[in-house]
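Visitor: What follows is each chain in one-letter form.
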Amino acid sequence: MLLFSVLSGIIVACLVPFLFKFGRKPASIIISMVPLSLFLYYLFNFGITDNLGYSESIEFFPALGVNLNFVMDSYALIFALIITGIGTAVFFYSSYYLAEHPYLDRFYIYISIFMASMLGIVTSDNMVIMFIFWELTSISSFLLIGFKHREEKSRYSAWQALLVTGSGALALLAGILLLYVITGKMNFSEINAMPGIIQSSTLFLPAMFLVLGGAFTKSAQMPFHFWLPNAMEAPTPVSAYLHSATMVKAGIYLMARINPAFQGAIEWETTLTIFGGITMLFAAYMALKQTDLKRILAYTTLSVLGTLTLLIGIGTPLAMQAMLVYLIAHALYKGTLFLVAGAIDHGTGTRNIDEIGGLRKFMPITAVAATLAAFSMAGVLPLFGFIGKELLYEAALQPNLFGYTTFAIVFLAALFGVVAAGMSAIFPFFGQAKYPNSKPHEASFTMYSGYVITAFLGLLFGLLPMIVSDNVAKAVSDIYYNLPVAVSSSMYLALWHGFNLVLFLSLATLALGIVILMFRKKLFAIIRKINLPEYLLPSKGYDMSISILIASARLTTKVLQNGYLRNYITLILITLLILTSYSLFTFSDLSVISLYHPVTIYEIIIAAIITISTILVVKSSGRLQAVAALGVVGIFVAVVFSIYGAPDLAMTQYSIETLTVILFVLVIYKLPKFMHYSKFSHRMQDFFLASAVGLTMTILILMVTANEMPTEFKEYYGKTSYLLGKGRNIVNVILVDYRALDTLGEIVVLSLAALGVFALLKLKKDDRGFE
Amino acid sequence: MTTFDIELLVLLPILLPLSFAILMLFAWKNLQFQRIINVVAGSTGFIVAIILFSTIYVNGIQVVAIGGWKVPFGIVLVADNFSAIMILMSGLMGFAVAFYSIVTVDTANEQHFYYPLLQILLMGVNGAFLTGDMFNLYVWFEVMLISSFVLLALGGKQEQLEGAVKYVTLNLVSSMIFLSAVGILYGMTGTLNMADLAVKVKLVENQGLVTVVAMMFLVSFGIKSAVFPLFSWLPASYHTPPVAVSALFAGLLTKVGVYTMYRVFTLIFDINNEFIGTVILIIAGFTMVTGVLGAAAQNDFRRILSFHIVSQVGYMVMALGLMTAFSFAAGIFYIVYHIVTKTNLFFISGIVERIKGTYNLDTLGGLFKKYPSVSLLFLISAFTLSGIPPFAGFWAKFTVALAGFRIEQYLIVGVSLFVGLLTLYSMTKIWNYAFWQDEKQESEVEREFYKISINRKYLLYSPSIFMTVVILLLSFFAGSAFDFAVLTGEQLANPQYYINAVLGVR
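If you read the protein sequences in the order shown, they are chains A and B. Residue numbers in the first sequence follow the numbering used here, run continuously in steps of one, and reach 1203 at the last position. Residue numbers in the second sequence follow the numbering used here, run continuously in steps of one, and reach 539 at the last position.
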């Protein structure tokens, strides 16, 4: 059942084309019921009944122990509910937002597959199966970012996102494999039970960094973050769903999921804290530079992703709790804000914050939702975001590797967050009415119902934190190695903690934020003017690596695939020479060659003639001479055969040589004048190469003859040729009987050569001329 | 089945294509007859391959001594698991290409022995997969070479001839090296039978010389399977002939080289010889990288695909170079998935060319808008080739990488993963240009394409749909397929099975 629920999105994706036969509207509504029913299923079957730790297993790839193990624990449940909950809002929203789009059906196919893959990531216990879903989210993200694929920019962004997350995924794959090599296990549940073995392994650091490579690219940590703002090319519901609420959290999910295995290692904590902290601060600052609503939201999302990473890096139970609360709060308010941004875009035709203001009069319901979400984002009492911020501060104030620096960063980022909340969700709705074109209109019910609910959930969870408190505490024990029961049971969430330092800091953040917002005009003018040098922007790095790739590709191809047959042959012979002579001189004993063979006068004469003729072939200036000289070489090779007892072979060779020369002469007669194509240097090069190859072959043959193994063939053929093969001439019997299959093959070759010549000449004549 | 039946069955993959080719030659003016016979030949070949495969699966290694001569004095055909898999793949290819040729090969080629040549090519390929004799292998190489040369050159365009000349020259160099190596090996051991060689090579006093011969085989088969730096003939020629021929060559022909490499380096030469393993791994690494870089430099659908063959061969050779039973299994799985996927990609490139009249990415465009089903076919194969899960290519890369990690060959695994990323780059590049980007203007060819009857369109698409189904089956039953690959890998890593089967006969 769990398996079915996870994969239902893929099943629906296959049905989409059929559903759309019944009309676009009904089809979109039916499809949108899927996340809703999944949400209810997870809520009632796991959330309320506490039926957790539930698992299913199906054999899939037995040779490696890769099985479809699906587990639903408290930690997975949080994600499953976010995925299907925000999913429901997004699915319904899109049915209206993209109602006119010709590819609405394709959109639902991609996004359904995406939802299924995301559910797969969070419920798979097997790391490889998780990885499969991980890649599927990248693919669906690729297709969704490129949804407006007729625009160059969309294609570029989609490609960039795919390549960046794809390269991370390869790192992750290697990491998973290394963990498998270390432990022999492929399931998170098993890996997480053996931190000692893993952390004492020499492969621990490579494995850890590789896993992080996957998580950091997916969750857009610096310096891999640049694909995320670019991914805003996707339709807004996609940005809300993939690039804010769910997919970009897959990296966070993974880091926390695997935390028990790496927990306590100083490298793990340091890396996460540093990368998280930098991302958090840098992105929060970058958010202030933007004017596009979606880009502001994208950068604040980045900042939150940094925060979550940092919290995992701090690694205390409290930090884990803060991480989970912050994650839920963020999913709710950021999902809302993205959908609101889409509604504004839909209603006014722009997303530029400088062009809009006072929209509350035209979009009152949206304004309420936006305000609630903005308050949650800014951490205003009594919203859920406030609880999140309290916990964040508390966790950052705990003793950690970087002392108060951590807190300073967190505080600054949170302050910028307050400002960004004001920019993106308060000012568009309040103040003087401002809009570029026609009068703005409120979103339709199908659109706003989703984000109104998510906005109010932020309020509800803030007022009644006990709804989630219990599950969060359990989830902490899922991602923390050996969490003492006492700690787990003492974890509860409350809106009010009394007057303490953290509350004061929270209020101070808000107050400072409001002050900044009051002077925003001047401040933004300054911030927007400061441009980071281009080479510091990692997006440049991406473009540069692509150009380097293409340049090196062109270079390699130019060198290796230069189009000259002569060079190709040279390359082959050099390779042959290197490999054979290296192994010859390294592994064999050259002294077995005896240089004192008895030599007869005939042999010397034959050798001399062959050598002279060969030189003639090479030196001759006319074709006829060359062919004649070549013929002499052939004839004298045949003479060698006849001296060494192979008269059959010699006869064959005589006739072939004669025939070849005659044929050559016939052809040459028709050819144009002989030309010299090769330079002297080329010829010298060829000369040395040819001599070296020849020499190596000679040495080889001398060595073989030095210790030849006696063959049983001669004796067997001698005995059976007449008795069984019914022939007195052994060579004949070999050809037609012992090795008849060879002869069959050669007959085929000859007939085919004839056919080929005929076909090539004929077809040539038929259509005449070159292209 | 009686012994005789099984013996006949082992022979059929060689005899059937030959008989059909001769039959077609009798009616070489009648194209319709040839097309039908070719489809019949493709289908029977496929069925025979399936039966042979299941027979081997049930009954184990089968050996046929041609002419009934005592082993090792005659020629033997040997069908072990690996041969059976390869025969199955060749049957599958023959089947799909038979249909695909009907729509994509033009009449002029058909009139000039296209179909008989195709069958003879299959005969040569099957012969190479089945033979248990070194010299006989040389003969099958010749059969393949001559038929593939004519197929390449048929049509006589300048580009084709240029490619074909390079193809044939470099392959002749390979044959020459191969023949010298066989000669030297015969001089050392006095035998040509592979199983017998496997036994006798170990008895050779001068083992250093054996290594030298191994290097000669490596170069010779390396040329045939297009590894670095010997691959130049492939990108020079594969994009020139009719696309059905390209597909067949891409899927099957280079794999013959890889097959023989696996055969020789597991059976005859010692898999524990570290020097051979290391050399193969180095070659594999460079092959993967240069191949994928070559592809990245191209801007033509079919040329990108051609260069990628080189890169992918690198993975197969890498699996061989790791020299463990598991790595062989991974390599075999890789070979199988790659045959199907690469063929399908060439099929699709042919469909695209049929629609748009070009392979050039700059002028292509708008396919995703107008032809969603073709796009889907491409996307599945492209992601499969890039090793994206859940498709078969992922399991292939995954198992090869694992095989490397298991014996601590981290560097080569790193290279292989990185190359996977670049493969993704090239595949999505095709997607971005040919499918996503808007077309500049509708070509004359495309307006012609609209007029083609719906039946012919189905005939054009169906081989690709069929191959896609095979890819999906291979993806979702990867576990079971890999189990068989593991058995095969065990068989290769323990040559004693093969040797006993051959030398124990009669």
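Careful, some of the hints might be misleading.
[Unchecked claim] Covered by chain B, per the in silico footprint, the following chain A stretches (three or more residues, Cβ under 8 Å):
no., segment
1, 769 to 783
2, 1125 to 1134
3, 1180 to 1188
[Unchecked claim] Anything over 10 Å on all C-beta distances counts as not near chain A; from chain B, calculated:
no., residue
4, GLU40
5, TRP173
6, THR224
7, VAL252
8, TRP266
9, ARG387
10, ASN393
11, LYS403
12, ASP471
13, ILE487
14, SER495
15, ALA534
None of these hints come from the bench; they were simulated from the model. All C-beta atoms, glycine included, are put in the ideal place defined by N, C-alpha and C.
Visitor: So TRP266(B) supposedly isn't at the interface. Is its beta-carbon more than 10 Å from every beta-carbon in chain A?
Guide: violated, 7 Å
Visitor: Far enough from chain A: is every CB of that chain over 10 Å from the CB of LYS403(B)?
Guide: Holds, because the least Cβ-Cβ distance between LYS403(B) and chain A comes to about 12 Å, which exceeds 10 Å.
Visitor: Examine the segment 1125 to 1134 of chain A: at least three residues should have C-beta closer than 8 Å to a C-beta of chain B.
Guide: That given contact holds, which follows from 3 residues of the segment 1125 to 1134 of chain A lying within Cβ reach (below 8 Å) of chain B.
Visitor: Taking 8 Å as the C-beta cutoff, is the stated coverage of the segment 769 to 783 of chain A by chain B satisfied by three or more residues?
Guide: violated (count 0)
Visitor: Can we trust that VAL252(B) is non-interface, i.e. its beta-carbon lies farther than 10 Å from all of chain A?
Guide: violated, 5 Å
Visitor: Is the Cβ of THR224(B) farther than 10 Å from every Cβ of chain A?
Guide: violated, 7 Å
Visitor: Measuring Cβ to Cβ, find out whether GLU40(B) lies farther than 10 Å from everything in chain A.
Guide: Non-interface label on GLU40(B) holds, nearest chain A Cβ at 13 Å vs cutoff 10 Å.
Visitor: Quick check for students: does the CB of ASN393(B) sit more than 10 Å from each CB in chain A?
Guide: holds, 15 Å
Visitor: Against chain A, does ASP471(B) hold up as non-interface, every C-beta pair farther apart than 10 Å?
Guide: Violated: least Cβ distance 5 Å, not greater than 10 Å.
Visitor: Classify the label on ARG387(B) as holds or violated, using whether its beta-carbon is more than 10 Å from each beta-carbon of chain A.
Guide: holds, 18 Å
Visitor: For SER495(B), is the shortest beta carbon distance to chain A beyond 10 Å?
Guide: Nearest chain A Cβ is 19 Å from SER495(B), so the label holds.
Visitor: Any Cβ of chain A at or closer than 10 Å to ILE487(B), or is the non-interface label fine?
Guide: Nearest chain A Cβ is 19 Å from ILE487(B), so the label holds.
Hints 1, 5, 6, 7, 8, 12 from the earlier list are contradicted by this structure; the remaining hints agree with it.
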